[in-house]
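Engineer: Which chain is which? The protein sequence lines are H and X, in order. Quick note on numbering: the first sequence equals residues 9 to 511 in this note's numbering. Quick note on numbering: the second sequence equals residues -4 to 309 in this note's numbering.
The set of hints was computed from the structure by calculation and includes no laboratory data. Careful: at least some of the hints might be erroneous.
Partial list, computed: chain X residues near chain H (C-beta under 8 Å) [what the hints assert, rightly or not]:
1) 171
2) 178
3) 182
4) 183
5) 185
6) 187
7) 188
With a straight-line cut-off of 30 Å between C-alpha atoms, the simulated DSSO-like cross-links for lysine-lysine are [what the hints assert, rightly or not]:
8) 81/X to 285/H
9) 391/H to 171/X
10) 321/H to 194/X
11) 195/X to 332/H
12) 171/X to 340/H
13) 81/X to 378/H
14) 31/X to 323/H
15) 332/H to 321/H
16) 493/H to 323/H
17) 340/H to 195/X
18) 337/H to 31/X
Note that the Cβ used here is the ideal one computed from N, Cα and C, for glycine as well.
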Amino acid sequence: MEQSGNIIFKAESMRKYFGVTHANDDVSIEIPAGQIRGLIGENGSGKSTLISMIAGISRKDFGMMYLCGKPYEPESPLGARNCKIGTVVQELGLIDGLPVGMNLFLGAMDPFKRKNGILDTKKLFAEAQHQLKKWGFPGISARQSTESLSVENKKIVELVRALSINPELLILDEITQALSLNNRKKLIDIIIQLKREGKAVLIVTHDIEEMVAITDFITVMRDGRIVAERESEQTTTGEIKRLMVGRDINNVYYRESELSPIGEDTVLEVRNLCSDKFRNVSFDLHKGEIVGICGLSDSGIHELAESLFTVRKVKGGTITLPGKNAALKTPKQAMDLGVGYVPKDRDHQALMVHDSIKHNIALAAVEMTKQAFGFLNPAKAEKLSEDAISRFQIKTSGPDQTVSGLSGGNRQKVNLARWTIQNKDVLILDCPTRGVDIGVKAYIYRTMTVAKENGVSIILVSDELPEIIGMSDTVLVMKEGEIVKQIPRSSGFSEETIIEVMI
Amino acid sequence: MKKNKWEYFQNLFPFIGLIVIVLVFTITSGDRLWTKNNLLSIVNMVIPLCLGASGMVFVASQGSTDMSMGSLLALCGTLGGLASLKLGIPGFILVSLLTGILFGAFNGVIVAYFKVPSLMVTLAMLIALRAVVSYITNGQAVFLDPDVIALDSLYIMLPAAVVLLILMWYVFSYTKIGFFSRCIGENQEVSRFSGIAVKKYKIFAFALSGLMAGVTGILAVVKIGGVSPTIGNFFELQIMTAMFVGGIPVTGGAGSKFYKIITGSFMLVFLQNGLTLCMVSAEISELIQGSILLIVVFMSILAGRRLHKIELNK
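Produce the complete structure using the sequences and hints provided.
Structural biologist: Written out as C-alpha cells, the structure is:
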C-alpha cells in the first residue's frame, strides 16, 4: 500500500486505433488520491476514447492500466464497476422502461436476490432511495419510471449510480452541461467530499472556466496525445484554449486562393429555419461560395445540414432557391433542383455498404441512367461508375465490387463522386473528411476547390475547425442551436476567435 | 477470389437444387414426370406461383412481408366473380385488379405512415379479409357464367402469364420502383438520406403485391369455375417458400433478383408434383418440403457468413 503511494489510477502508453486513425496514441496518465483531474481537448482529440477504455466500454489495443498499484483490465463496464471505478458517460445510459431503482443497480442486483433467485424489490428500492438521499437528491423517487424524468434528473440518476459503489475513481464525461446551476453546486460539493476522502475524480467538460475553477490539475489532449499538463492554480483559460487548438495549421492542402470572387447571385436562401435542435437560422449562399458552418457536435450543425436537404422535419422557416423560384419541400425535389447532400455518417446514412459501387452511384444519380419508359439503363450506370472510379482514382477491382471491401477513404470518394459527377449547383457536405487519411482529405479539398471554381456553391458543415477555416468564404459559428457569429473570409479568421464564440 | 467462389455458390445453389430435384424425380417416378398431362399440371401450378411472387417480390426486396396475399386473392376473385355475373369479363378483370391494388395500397399506407411492422399489418389483413370473403359468399360456392369459365384455357393463360411476367420483370429489374425497393431493403436510412421517397415506394410495392393478388385471384376463380370461400388458403406461404427457396434474401436488398422467384417456383412445384407422383402421402410431402426449406435457409446463412468473414479479413 505504502509504495503504491497515493496513486489511485495509472495508465501507461495507452493506444487505440480505429482503422488508420489513432484515437489514442501513447497516452500515459497518473491520478493521485485526493486529486480532481480535468481532461480537456477538442472534439476527436481522444478524451472520450481514453475514458471508454478506463470504464471498460471499449478495449485498449496496447498499453497497461493500474488501479491502486494492481494491473487493471476491465472486461466490461461491469468489470470496471466491480473495481470501484464509477463512470458517467456522455450519452444517456439508462433503460427508460425500468424504474429508477432498477437502473441504479443494473447489472449489480445480486445482493438483492433472495435464496430462491427472486429479486427482493422492496430491499432494492429501499437501498436505492437511501442512495438518492445520501447524495443529496431526495426529490427523485426510486420507484418512479425513468421515462418520466427530465434529462437533468436522468443524468443525476446516472451520477448516483456511479457514486453508489463508493468509487475509488469517479469519471464524469460532460455531465455539468446537463445540470442546472443548483445541481452543479451539489455536484461540486460531492466532488470535494470525495477529494477529502482521498478518492480521485476525472472530469471532462467543455466549460474551460469551470474546469479551471474546480480541478486541481488539467490534462490537455490533442490528436490522440497528451500535449500538456498544468496545475489549475497556475494556468488561465486563455492558456488552456491555446493548448487545445495550438497545432500548426497546415495550409498546404486547403484552398490556395485566399480571397476568390464570389458570384452576386444568391442560389440558396435560408430564412428563420427552426426545429427542436436549432432556432432562427438564416443565411444566404451565393454562386461559387463555400459557407462553412461550425460548432460543437451538439450545437445543431448536423441537424441543420439534414434539414437543409429536407430529410429532417423543421418547425418553421423556409429554404428557397431564388434562381429557380422554388421552396424546398422534399429531398426528391431538392435533388431535381440541383442540390446534392453528403451526410455525416458515411456507412449508415450515405452508402449501401453491402451493395456494389455501381448501385451506390446509381442510387444518387438515378436520373442520369434513366431513359424512356422509366428504363434504368444498366450500361449507363456501369459507364457512370467507371467514369467516377477513374476520375476520383478510387482503388477498386471495378464497379461491381461491394463497398464493404473498400477502405474508408475510398468509400468517401464513392460518396462524393456520385454527387460531383451530376454537376449539381449546391452541395451540402456534412463532415466530408471524417475518418479519412490525409491523402484523401487533400483530394477532397481539391475537389471542393475545383467545384467552387466551376460555380458550384457548397455548404460545408464540420466540427473540424482547420478545415472550416481553410475552405470557407464565410464562416457561420453555431452555439446551442443558434448562429452566434458570421465571419467573412476577408476579415480573416483564426481558430482562437472562432473558439471564443463557439464554446 | 475465395469470395467469388462463395458468391457463385450462393447464386448457383437454387439452380443446382432444381436440377437435383428434377433428376431425382425423373428416376423415381418412372416416366410419369415427363408425360404431357403431368407437364400441363406443372405449368398450371407454376403460373399462379410465379405471378404471385412477381408482385410480392417488391415487398420482400424492401425487407417487408406481405402475409395477406392468400386472403386478398380470395377477396379479389370473389368480388370480381360476383361482378362478372352482371358486367361480364371486363368487369370481372377490372374489379379484381382494382380490389387488389386498393387493399395492397392500404397495407402500404399503414406500414409506411404508421410505422407498423408489415408482418403485423398483413397478418391482420390475412385474417380479416378471409372473414370478409366468408361473409360475402355466405360460406357457399357461387358459380360463374360459362363464358367467364371459358377463359380457363392454356392458350389464353400461358401467353397472358408470360406477358405479365415479362412486364413485372422489367418493372422490378429496370425501373426506379424495383431499384429503389432493393435500395430500401439494403438500407432504409441510406435510401432516405439519398432523397428516395421511401413511403411512396413502400406503398407502390404493396400495391403491386395487391395487384398480383388480383391477377392470381382471377386465375383461381376461373380455374374452379366459381367463387368459394376457401380459395387461396395458404397461398402466401407457398409464395414465400418459393421466393426463399429461390434465394431471395429474407432481409431484402440487392440480392433480390427476379430470376430467383422463377427458379424457386419451379423448384417448389417440381418437388410437390414429384412427391405426389411417387405416391408420398400429403403429410410426409409437407414434412419433406419443410425440411428442404430449412436446408436452403441453412445453406444461405452459411454462405452469407463465409462471405462476411472474408470481407472482414480483408
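Engineer: Hints first: check each against the structure and report whether it holds.
Structural biologist: Quick rundown of the hints versus the structure:
Interface hint status for residue 171/X: upheld, as the beta-carbon distance to the closest one in chain H is roughly 6 Å, under 8 Å. The beta carbon of residue 178/X is positioned within 8 Å of a beta carbon in chain H (closest approach about 5 Å), and the interface hint is therefore held. Taken as an interface hint, residue 182/X checks out: its beta carbon lies about 5 Å from the nearest beta carbon of chain H, inside 8 Å. The restraint placing residue 183/X at the interface with chain H is violated, with a minimum CB-CB distance near 10 Å, outside the 8 Å limit.
Among the interface hints, the one on residue 185/X holds; its C-beta lies about 5 Å from the nearest C-beta in chain H, closer than the 8 Å criterion. Among the interface hints, the one on residue 187/X holds; its C-beta lies about 6 Å from the nearest C-beta in chain H, closer than the 8 Å criterion. Because the beta carbon of residue 188/X sits about 4 Å from the nearest beta carbon in chain H, less than 8 Å, this interface hint is met. Straight-line distance between C-alpha atoms of residue 81/X and residue 285/H comes to about 60 Å, which puts the hinted pair past the 30 Å bound.
Of the supplied pair hints, the one linking residue 391/H and residue 171/X holds, its CA atoms being roughly 18 Å apart against a limit of 30 Å. Distance hint between residue 321/H and residue 194/X is fulfilled; the C-alpha atoms sit about 15 Å from each other, no more than 30 Å. Annotation: proposed proximity of residue 195/X to residue 332/H holds, straight-line Cα distance about 25 Å (limit 30 Å). For the hint pairing residue 171/X with residue 340/H, the CA-to-CA distance comes to about 13 Å; that is within 30 Å, so the pair holds.
Our distance criterion of 30 Å between C-alpha atoms is broken by residue 81/X and residue 378/H, whose separation comes to about 44 Å. Pair hint residue 31/X plus residue 323/H does not hold up; C-alpha atoms about 68 Å apart against a cutoff of 30 Å. Taken as a hint, the residue 332/H and residue 321/H pair is honoured in the structure, with Cα atoms around 22 Å apart against an allowance of 30 Å. With a C-alpha separation of about 23 Å, the suggested pair residue 493/H and residue 323/H falls inside the 30 Å cut-off, and the hint holds.
For a cut-off of 30 Å, the pair hint linking residue 340/H to residue 195/X stands: about 11 Å separates their Cα positions. Restraint check: the Cα-Cα separation between residue 337/H and residue 31/X comes to about 60 Å, which exceeds 30 Å; the hinted pair is violated.
The structure is inconsistent with the numbered hints 4, 8, 13, 14, 18, although it conforms to all the rest.
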